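Engineer: What follows is each chain in one-letter form.
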Amino acid sequence: MDAILLQILNGLDKGSAYALIALGLTLIFGTLGVVNFAHGAMFMIGAFCAVTLQRLLSLSYVTIDESRTDFLGNPLKIRTPYVESWFGPEAGQAIIDWSVPLAIVFAIPVMVGLGFLMERGLIRHFYKRPHADQILVTFGLAIVLQEIVKFFFGANPIPTPAPEAFSGSFDFGVLLGFEPNSIIYPYWRMIYFVFALIIIGAVFAFLRFTTFGMVVRAGMVDRETVGLLGIDIDRRFTVMFGIAAAVAGLAGVMYTPINAPNFHMGMDFLVLSFVVVVVGGMGSLPGGVLAGFLLGILESFASMSQVIDLLPGINQIIIFLVAIVVLLVRPRGLMGRKGVMEE
Amino acid sequence: MSKSNFTRRGLLRTGAAAGAGLAMPTIFTGAAWSGSHGGFTNAPTGSTVTLGFNVPQSGPYADEGADELRAYMLAVEHLNGEGDGGMLNTFSSKTLDGTGILGKKVEYVTGDTQTKSDAARASARSMIEKDGAIMITGGSSSGVAVAVQGLCQEAGIIFMAGLTHSNDTTGKDRKANGFRHFFNSYMSGAALAPVLAKAYGTDRKAYHLTADYNWGYTTEEAIRAATEAMGWETVNTVKTPLTQTDFSSYIAPVLQSDADVLVLNHYGGNMVNSLTNAVQFGLRDRIVNGKQFEIVVPLYSRLMAKGAGANVKGIFGSTNWHWSLQDEGSKAFVKSFGTKYGFPPSQAAHTCYVQTLLYADAVQRAGSFNPCAVVEALEGFEFDGLGNGPTLYRADDHQCFKDVLVVKGKENPSSEFDLLEIVEITPVEQVTYPPDHPQFAGGDLGTCNPGA
Numbered sequence: 001m002d003a004i005l006l007q008i009l010n011g012l013d014k015g016s017a018y019a020l021i022a023l024g025l026t027l028i029f030g031t032l033g034v035v036n037f038a039h040g041a042m043f044m045i046g047a048f049c050a051v052t053l054q055r056l057l058s059l060s061y062v063t064i065d066e067s068r069t070d071f072l073g074n075p076l077k078i079r080t081p082y083v084e085s086w087f088g089p090e091a092g093q094a095i096i097d098w099s100v101p102l103a104i105v106f107a108i109p110v111m112v113g114l115g116f117l118m119e120r121g122l123i124r125h126f127y128k129r130p131h132a133d134q135i136l137v138t139f140g141l142a143i144v145l146q147e148i149v150k151f152f153f154g155a156n157p158i159p160t161p162a163p164e165a166f167s168g169s170f171d172f173g174v175l176l177g178f179e180p181n182s183i184i185y186p187y188w189r190m191i192y193f194v195f196a197l198i199i200i201g202a203v204f205a206f207l208r209f210t211t212f213g214m215v216v217r218a219g220m221v222d223r224e225t226v227g228l229l230g231i232d233i234d235r236r237f238t239v240m241f242g243i244a245a246a247v248a249g250l251a252g253v254m255y256t257p258i259n260a261p262n263f264h265m266g267m268d269f270l271v272l273s274f275v276v277v278v279v280g281g282m283g284s285l286p287g288g289v290l291a292g293f294l295l296g297i298l299e300s301f302a303s304m305s306q307v308i309d310l311l312p313g314i315n316q317i318i319i320f321l322v323a324i325v326v327l328l329v330r331p332r333g334l335m336g337r338k339g340v341m342e343e
Numbered sequence: 001m002s003k004s005n006f007t008r009r010g011l012l013r014t015g016a017a018a019g020a021g022l023a024m025p026t027i028f029t030g031a032a033w034s035g036s037h038g039g040f041t042n043a044p045t046g047s048t049v050t051l052g053f054n055v056p057q058s059g060p061y062a063d064e065g066a067d068e069l070r071a072y073m074l075a076v077e078h079l080n081g082e083g084d085g086g087m088l089n090t091f092s093s094k095t096l097d098g099t100g101i102l103g104k105k106v107e108y109v110t111g112d113t114q115t116k117s118d119a120a121r122a123s124a125r126s127m128i129e130k131d132g133a134i135m136i137t138g139g140s141s142s143g144v145a146v147a148v149q150g151l152c153q154e155a156g157i158i159f160m161a162g163l164t165h166s167n168d169t170t171g172k173d174r175k176a177n178g179f180r181h182f183f184n185s186y187m188s189g190a191a192l193a194p195v196l197a198k199a200y201g202t203d204r205k206a207y208h209l210t211a212d213y214n215w216g217y218t219t220e221e222a223i224r225a226a227t228e229a230m231g232w233e234t235v236n237t238v239k240t241p242l243t244q245t246d247f248s249s250y251i252a253p254v255l256q257s258d259a260d261v262l263v264l265n266h267y268g269g270n271m272v273n274s275l276t277n278a279v280q281f282g283l284r285d286r287i288v289n290g291k292q293f294e295i296v297v298p299l300y301s302r303l304m305a306k307g308a309g310a311n312v313k314g315i316f317g318s319t320n321w322h323w324s325l326q327d328e329g330s331k332a333f334v335k336s337f338g339t340k341y342g343f344p345p346s347q348a349a350h351t352c353y354v355q356t357l358l359y360a361d362a363v364q365r366a367g368s369f370n371p372c373a374v375v376e377a378l379e380g381f382e383f384d385g386l387g388n389g390p391t392l393y394r395a396d397d398h399q400c401f402k403d404v405l406v407v408k409g410k411e412n413p414s415s416e417f418d419l420l421e422i423v424e425i426t427p428v429e430q431v432t433y434p435p436d437h438p439q440f441a442g443g444d445l446g447t448c449n450p451g452a
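Residue numbers (our numbering), protein chains in the order written: chain A, 1 to 343; chain B, 1 to 452.
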């Protein structure tokens, strides 16, 4: 029982990342009709916003300590971050320690701007082209972005830890009456899950309760009619592209303490997020979110050693198996609109 | 929604074209080496000789590849009499005098393995066929090493392996034209086990997470054999996909088991992520069976330690070489490399530098670039002064035998490079095994192939 609870918890944080990426993918597909393979790169660039801020905050000046030597026997160069000299050692260290949460503020304008740039500069030229062309161009863009990040940050993962205050883990076992230490869950993963819920809630509220959101929803159903009413729907869809990029970016920022980011992390999530979108139903926002959490939990269960002993290799194919079954039985996905992907 | 342009006919046509393209290299295999001259493949005729450095310049091990390339460029400088000479000054063999190899100036070409066997073979093939490389060296993965070694054997070219730790490279996949200076999984197990027994006791229950490929299997086998021999029990072994990034669902069952040690048979990004996840889940704070829970990483590298950050503190592992060694060879190499690049070399850089020198010296001693002459010169060669103490290139399997370093993540690093501390230098006798040891069985060197 405790093992099952632990795997559900495990699935929730992975599912949160899937859900956030799938939400952005669905927003873009639902509004602009574009299959955006560069969306995983947005997740990755978000993570590197956190890395960049961490590095900016750690910018240091060098002093020479004659009493100590470096590996070559030369006097040791001591680096002191500027923030420490400005705000004092303790406050400076605390600012660097909190660089990941601070990066949320840093990442939002960067990601929205990048989203605008991508949509206006490249993707809008492909609206009327077949999906295969859109996939090729966005996939190409993803590779370019990946290589740029690799050029500046290298290929190895870069540790970007959570603030010291959240570095431990919580003992759910004791709370639920199990043995101590039987269900341990890291604080940061819980924060990630809550953060994902807040972001998802905010996007839904934005679409549901604002005039802007109402127009966008109307445009998703019938773009032409909304346009005929004299509303500049393209402009609003561009804004939605920016929002989708920001959602993926924030998912990336908060993911950095869970796994040290590297240039390839976007691709790792992208393919699975597409499966999530298809399972949830192309164009359905609640479907994408639901499928994200469901598949995250399912993947966790499939990785249990008891399951692998029974069905070797199941952990690597489970998500795709589910996708095949869903596509065969219910091509429109769990919550897809009738008719979509069914013609 | 617009309609897809895919058709069945189109897909078949594209598939056929792609298939023919992929099959191309093997179609030409037979005729590939016939253009050479001088009795062996790519015999150098002018005043220069070309070496082929096949390293990962893209893909997950690109940073390691970059460090290997730095070391190769340094080695070429030293062979050509430039710079401070590095380990040429400490090498026990004194045949290399800074005038190139056999009086020919050393030049080099590079290839990108991408840490993919097929890409690595293609880049090695290109360097051999188009650039006339006389020797191929480098790489940061055992899958790549085994693949390129096989190609070099067919081509009649010497392969001086880079970073490859699987037993198979000089075990079941050993080849007469291939040589490995780096240590292997068996040696890691043999060196680590006594240190682990001393630090954690002989009554321990180990849980293994193992990367699901060749290197992972041999490392798990070696560590299991060595730790079980001293009394540890292996409670479970689980294979993890090489592409896995989040290991939480593999770590969670460890919490449910009664294991008190977790062995991470992971390398590179896998190790960084699995170790980070294990620490996040509080494994290191656990008390199981009345004992402190411990984590072990059989193969360590400084670049990985950097990626895992503070999580490596106090964790045991093994390594082929470390820049903090104080022998004359290591000091000379660190000085050359550090002065040129501004940071100390990695173990990957060290093994690649040493392999280049060993090849050049073997040619010099043999008086010929002929691969069979080089093989003869390297087989049974004993040397010193290259950073690992007295070393033997064993004739039976072309594996170097030398001391092995057991290291531990440093608790209080004094700099960004000072991440590992050497706990013990395990003497070579303790890590030596017979050539037909079960973990290396099934291999046959065959005979050297000069090509042409």
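Derived by calculation from the structure, the hints in this document are not laboratory data.
Take these hints with a grain of salt, some might be off.
Stated by the list, open to error - What follows is a list of derived Cβ distance ranges for each label pair:
{"id": "1", "chain 1": "B", "residue 1": "Gly442", "chain 2": "A", "residue 2": "Ile78", "range": "53 to 59 angstroms"}
{"id": "2", "chain 1": "B", "residue 1": "Glu82", "chain 2": "A", "residue 2": "Thr69", "range": "23 to 29 angstroms"}
{"id": "3", "chain 1": "A", "residue 1": "Phe320", "chain 2": "B", "residue 2": "Asp84", "range": "36 to 42 angstroms"}
{"id": "4", "chain 1": "B", "residue 1": "Ser92", "chain 2": "A", "residue 2": "Leu321", "range": "57 to 63 angstroms"}
{"id": "5", "chain 1": "B", "residue 1": "Glu328", "chain 2": "A", "residue 2": "Asn74", "range": "47 to 53 angstroms"}
As the list claims (entries may be wrong) - Chain B is faced by these chain A residues, among others (derived, beta-carbon under 7 angstroms):
{"id": "6", "residue": "Ser67"}
{"id": "7", "residue": "Thr69"}
{"id": "8", "residue": "Phe71"}
{"id": "9", "residue": "Pro75"}
{"id": "10", "residue": "Pro163"}
{"id": "11", "residue": "Ala165"}
{"id": "12", "residue": "Gly177"}
{"id": "13", "residue": "Pro180"}
{"id": "14", "residue": "Asp268"}
{"id": "15", "residue": "Ser300"}
{"id": "16", "residue": "Ser305"}
As the list claims (entries may be wrong) - Quick list of in silico lysine-lysine cross-link-like pairs, DSBU-like style, CA-CA up to 35 angstroms:
{"id": "17", "chain 1": "B", "residue 1": "Lys105", "chain 2": "B", "residue 2": "Lys130"}
{"id": "18", "chain 1": "B", "residue 1": "Lys291", "chain 2": "B", "residue 2": "Lys239"}
{"id": "19", "chain 1": "A", "residue 1": "Lys77", "chain 2": "B", "residue 2": "Lys410"}
{"id": "20", "chain 1": "B", "residue 1": "Lys408", "chain 2": "A", "residue 2": "Lys77"}
{"id": "21", "chain 1": "A", "residue 1": "Lys77", "chain 2": "B", "residue 2": "Lys105"}
{"id": "22", "chain 1": "A", "residue 1": "Lys150", "chain 2": "B", "residue 2": "Lys94"}
{"id": "23", "chain 1": "B", "residue 1": "Lys130", "chain 2": "A", "residue 2": "Lys150"}
{"id": "24", "chain 1": "A", "residue 1": "Lys77", "chain 2": "B", "residue 2": "Lys104"}
{"id": "25", "chain 1": "B", "residue 1": "Lys313", "chain 2": "A", "residue 2": "Lys150"}
{"id": "26", "chain 1": "A", "residue 1": "Lys150", "chain 2": "B", "residue 2": "Lys116"}
{"id": "27", "chain 1": "B", "residue 1": "Lys335", "chain 2": "A", "residue 2": "Lys150"}
{"id": "28", "chain 1": "B", "residue 1": "Lys306", "chain 2": "A", "residue 2": "Lys150"}
As the structure is a computational prediction, the values presented were derived from the model and not from experiment.
For glycine and all other residues, C-beta sits at the position ideal for the given N, C-alpha and C.
Engineer: Determine for every hint whether it applies to the structure shown.
Structural biologist: Each hint tested on the structure:
no., hint, result
1, Gly442/B - Ile78/A: 53 to 59 angstroms, "55 angstroms, holds"
2, Glu82/B - Thr69/A: 23 to 29 angstroms, "27 angstroms, holds"
3, Phe320/A - Asp84/B: 36 to 42 angstroms, "56 angstroms, violated"
4, Ser92/B - Leu321/A: 57 to 63 angstroms, "59 angstroms, holds"
5, Glu328/B - Asn74/A: 47 to 53 angstroms, "19 angstroms, violated"
6, Ser67, "13 angstroms, violated"
7, Thr69, "10 angstroms, violated"
8, Phe71, "5 angstroms, holds"
9, Pro75, "13 angstroms, violated"
10, Pro163, "14 angstroms, violated"
11, Ala165, "14 angstroms, violated"
12, Gly177, "17 angstroms, violated"
13, Pro180, "10 angstroms, violated"
14, Asp268, "5 angstroms, holds"
15, Ser300, "4 angstroms, holds"
16, Ser305, "5 angstroms, holds"
17, Lys105/B - Lys130/B, "19 angstroms, holds"
18, Lys291/B - Lys239/B, "26 angstroms, holds"
19, Lys77/A - Lys410/B, "20 angstroms, holds"
20, Lys408/B - Lys77/A, "25 angstroms, holds"
21, Lys77/A - Lys105/B, "38 angstroms, violated"
22, Lys150/A - Lys94/B, "42 angstroms, violated"
23, Lys130/B - Lys150/A, "29 angstroms, holds"
24, Lys77/A - Lys104/B, "42 angstroms, violated"
25, Lys313/B - Lys150/A, "27 angstroms, holds"
26, Lys150/A - Lys116/B, "18 angstroms, holds"
27, Lys335/B - Lys150/A, "28 angstroms, holds"
28, Lys306/B - Lys150/A, "17 angstroms, holds"
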